[in-house]
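Residue numbers (my numbering), protein chains in the order written: chain P, 1 to 893; chain Z, 1001 to 1112.
You may find that some hints are simply not true.
Here are the simulated lysine to aspartate or glutamate pairs, EDC-like style, with alpha carbons at most 20 Å apart [as the list claims (entries may be wrong)]:
id, chain 1, residue 1, chain 2, residue 2
1, Z, K1089, P, D5
2, Z, K1068, P, D23
3, P, K279, P, E205
4, P, K62, Z, E1097
5, Z, K1068, P, E205
6, P, K618, P, D571
7, P, K233, P, D215
8, Z, K1068, P, D25
9, Z, K1068, P, D221
10, P, K62, Z, D1099
Just so you know, these hints were derived from the structure itself, not from any lab.
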Amino acid sequence: MSRLDGWRHRVRVLFGPGRYERDLDEEMRFHLDLDSVQQRGAGERENMSSARRRFGSVAYHKEETRRMAGFDLVDHTAQDVRHLFRGLRRSPAFAVIAVLTLALGIGLTTAVMSIVDHVLLHSLPFRDADRLVSVFERQDGGAARAPSYPTVQDWQREEPLRAVFDGVTFIRGDAVLLANGDSREIIGAAYVTADFFTIVGARPELGRFLLADDDAPSAPDVAVIAHSMWIEKYGGDPRIIGRRISVDSTPLTVVGVMPAGASYPTFATIWTSLSHYKKQDQVAKRGLHADSRTIARLRPGIDSARAALAMRPIESRLAIEYPVDQARWTGVGFLPLRDEIIGNIRPMLLTLAGAVGVVLLLACANVGNLLLARASARARELAVRSALGASRGRIVRQLFTESLALAFLGGALGTAFAIFTVTLARKLPSSRLPRVEEVAVDGRVLAIAFAASIVTALLCGIWPALRATRATSGASLRIGASGSVGTRSESKLRRSLVAVQFALALMLLVGAGLLLESFRRVAAVPLGFDPHDLVTVRIAPPMSRYGKPEQAAALYARLMDALREIPGVQDVATIQHFPFTGSGIYTPLKIDGLAGQDSASGEVFYRTVSDTYLKTMKMSMAAGRWFSADDIRTPGGSFIVNETLAKRYWPGQSPIGHRVTIHRSSQARPDFGQPLEGTIVGVVADVHQASQDVAPNPEIFVPYTLEPWPWTTLVVRTRDAARAFPAIGRAVMGVDPSLWVNNDPTSAGFRVVEDQIAQSLVQRRFAMSLVGGFAACALVLSAIGMYGVIAYGVEQRRREIGVRKALGATDGNVASLVVGESLRVAGVGVVLGCFGAWAGARLIRGMLFDTGPGDPAPYVVTILVLTVVSLLASYVPARRASRLDATIAIRGD
Amino acid sequence: MSKSSSRRELVPGTLDMLVLHTLTLGALHGYAIAQHIERLSEEVLRVEQGSLYPALERLQRQGFVTSKWGETPTGRRARYYTITTSGRKQLGEEISEFDRSMLAINRVMRRA
């Protein structure tokens, strides 16, 4: 029973705290009244004071009783929370700013770090992804190429290699036409053998992968499809298994779905058996070193250096056996699969992670500052409570609860913010951020950001409470009267925090400035052609009807004529590999009379073009002439090179008139590798091929009729590029309906050239705008911090300012005193920040173009901006200080 | 909070016992409890009357005492405290514990 009585009492206290307080007041008043009536003193007042003497301090006993009542943690916490809301209601601006700052810090950090962690650090959905490598053959010169299928088969037969590899497999890639009902679409297909799936070590999302039986030539055609294709085209319907789809007019049965994120090679949306590939003759060629990947799984404990060593004798033997293809290609290189999939996005992600870390630090500094300021403002309240008998622990606990609540509110909001940001980021095209579609908020990152903000809140919330309660109560009351406890060291700490904020903001601003400058300079690099109003269409004619070179050449001529008929079209040209598409093919280059000056393989781009290409692209000639219509009609003998090639092989001279030998380069043709001799008749001005921040490669141009490519790109200069697609599609299908062109401008076949160039800058723009956004946040946070400290400083020095004014200081003197203070703090921050920014800029050098950590411009601009910000932040306090009335200020409150 | 030297401070921990003992008389309000303790001890054991309230709070939480608002004979609202069964048991234990200590102290003092 007794225990129940006790609990009943506790529950009453907990749920009726207001009533409890009122009851206690009433009870004590009753006691005093009764006692004073019992006194037989002179008068009512004396009786009451005698009763009070006997009772002792009402406030003390009340606090003691409360302490008894709140013996339970739950009771205390409830009380603290009540105090908290009362306190926060009194200063909502403080609460809102603190919570928003924390939310921003936690949210941004979590979102960005989750993305970085996912894209960069997380394993691929492959078993032991660290052991997966992509394999290349290397030449002594350093050039790299994909091994041919026969070479890979040789490797697979080698007993010694089993000691270093758990498996090696060859993947052939091709663009295929997927017919799905009425819609037809070009997709990426990977032709693989069954061991591909065991080597990557993924588990099917649905159904099964290819098995060894499926590799038998007589086995039915089956395919595994990508997760994205299953979701987008088939709505994630599990009945996809067993469904028949048509690929390049061959019916295939879907047997499985790849798990999300396991698309390798990244272009593939469908995997099917290599033994059923139609272009078997190509794959079987020892000379084929394109459109394929070879991957291997290293045995546990074997690194790529060991594996390369084990392969050397085998490669040397192959070089002797197959001198034509393998001589000089005696080295092997390995690239971790992760690096191949993620590519060069690493510097960008690390830059973002660094920048967001700086924002988190800044947010913490800002909240710390706010809490310190608030504690100072409340010093008097705390001193009074302490004097009235509230224990030190009690006060510290209350502030602890308050800081913790702020940190949690901020954290909750930050989590929501992070989820929102990550959801937005997931919608980014994966060309900007590979594998971004699978990003989720990372629990560990969230926990770290949360912890950082809680530690800050606690340190900055409790420290002043300890200080305030340490002072003897009388002294703090007196000091408290002037509104400041522990002022010296505390305002010093606060000023240092603001200086740190300025330093961090400067780092971000300088970083953003350098990225902006790099972006500006990259975007300003001349392309060498005019992308405005230019569109391209890729044509892949069926091999059955256009397989012969002359058939393809005739088709391309007809297509160009047909497109020229379209109203608004100014020029039409053809080239096999258009710039800014990431594709191209190399040719060896031999220069007559210059022995030993042959190009390294993998250096000179081979382009097959029409005579109209120069005019359509609006390129210009540096020397000599471009192809004439005659060159196209009777090809041979005349080649054109770009400036980079001319400068590399004929430095300071003209290449015109020199004879060179190159190779036929279409691996799909039987005459692949056949030498082509000719004379250089012109030098064309350079065109950027990959992106504006990569220097152009040497290029050699030949008439498209000399080696009609099995497929081509039509280049059309027209008015209103985006609207030209339907007409172009109709014209192409008018020539031959089997050339089916989707009217959708977003489909793979169509490209607006300007979009493509913008796409090449997209990562740079992305990093720049994010860091810029972070820098803007940093600026706002530091401005708030500066304002807080300066305004508080003025409040603290009211009396001093009053004395100064009484002694004859003008309004201007006073204002400059305040502004000077703010500039001093900013100055310290700027000096610190310059070092930090310089060090930070060195870390992101990989992201910079044509500028560096020592570029003074961003520093100068940033310092100016920060000066203006600190002036603005001190303007209001300075005005308030200069308007102080001396007599009132001296008298105090 | 300092106490004058003419007053004797309570032996620590005995206030609860005195309160419980007082309540064996019946339901009393705080002031009556304070008066009773002072009168019985002939004003030797004087405590600050206010310190009675934290003690009452403590006893209630332990379930030795319950309270209820009622009316005084003069018609004022007052909180009346009652000892519970377990409070009586506790009182018995405390008294015997106290007796044991007093006995020990007496023995020590006589021998000195």
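Right, here's what the structure says about each hint:
| no. | hint | result |
| --- | --- | --- |
| 1 | Z:K1089 / P:D5 | holds, 15 Å |
| 2 | Z:K1068 / P:D23 | holds, 11 Å |
| 3 | P:K279 / P:E205 | violated, 30 Å |
| 4 | P:K62 / Z:E1097 | violated, 30 Å |
| 5 | Z:K1068 / P:E205 | violated, 69 Å |
| 6 | P:K618 / P:D571 | holds, 10 Å |
| 7 | P:K233 / P:D215 | violated, 27 Å |
| 8 | Z:K1068 / P:D25 | holds, 15 Å |
| 9 | Z:K1068 / P:D221 | violated, 88 Å |
| 10 | P:K62 / Z:D1099 | violated, 32 Å |
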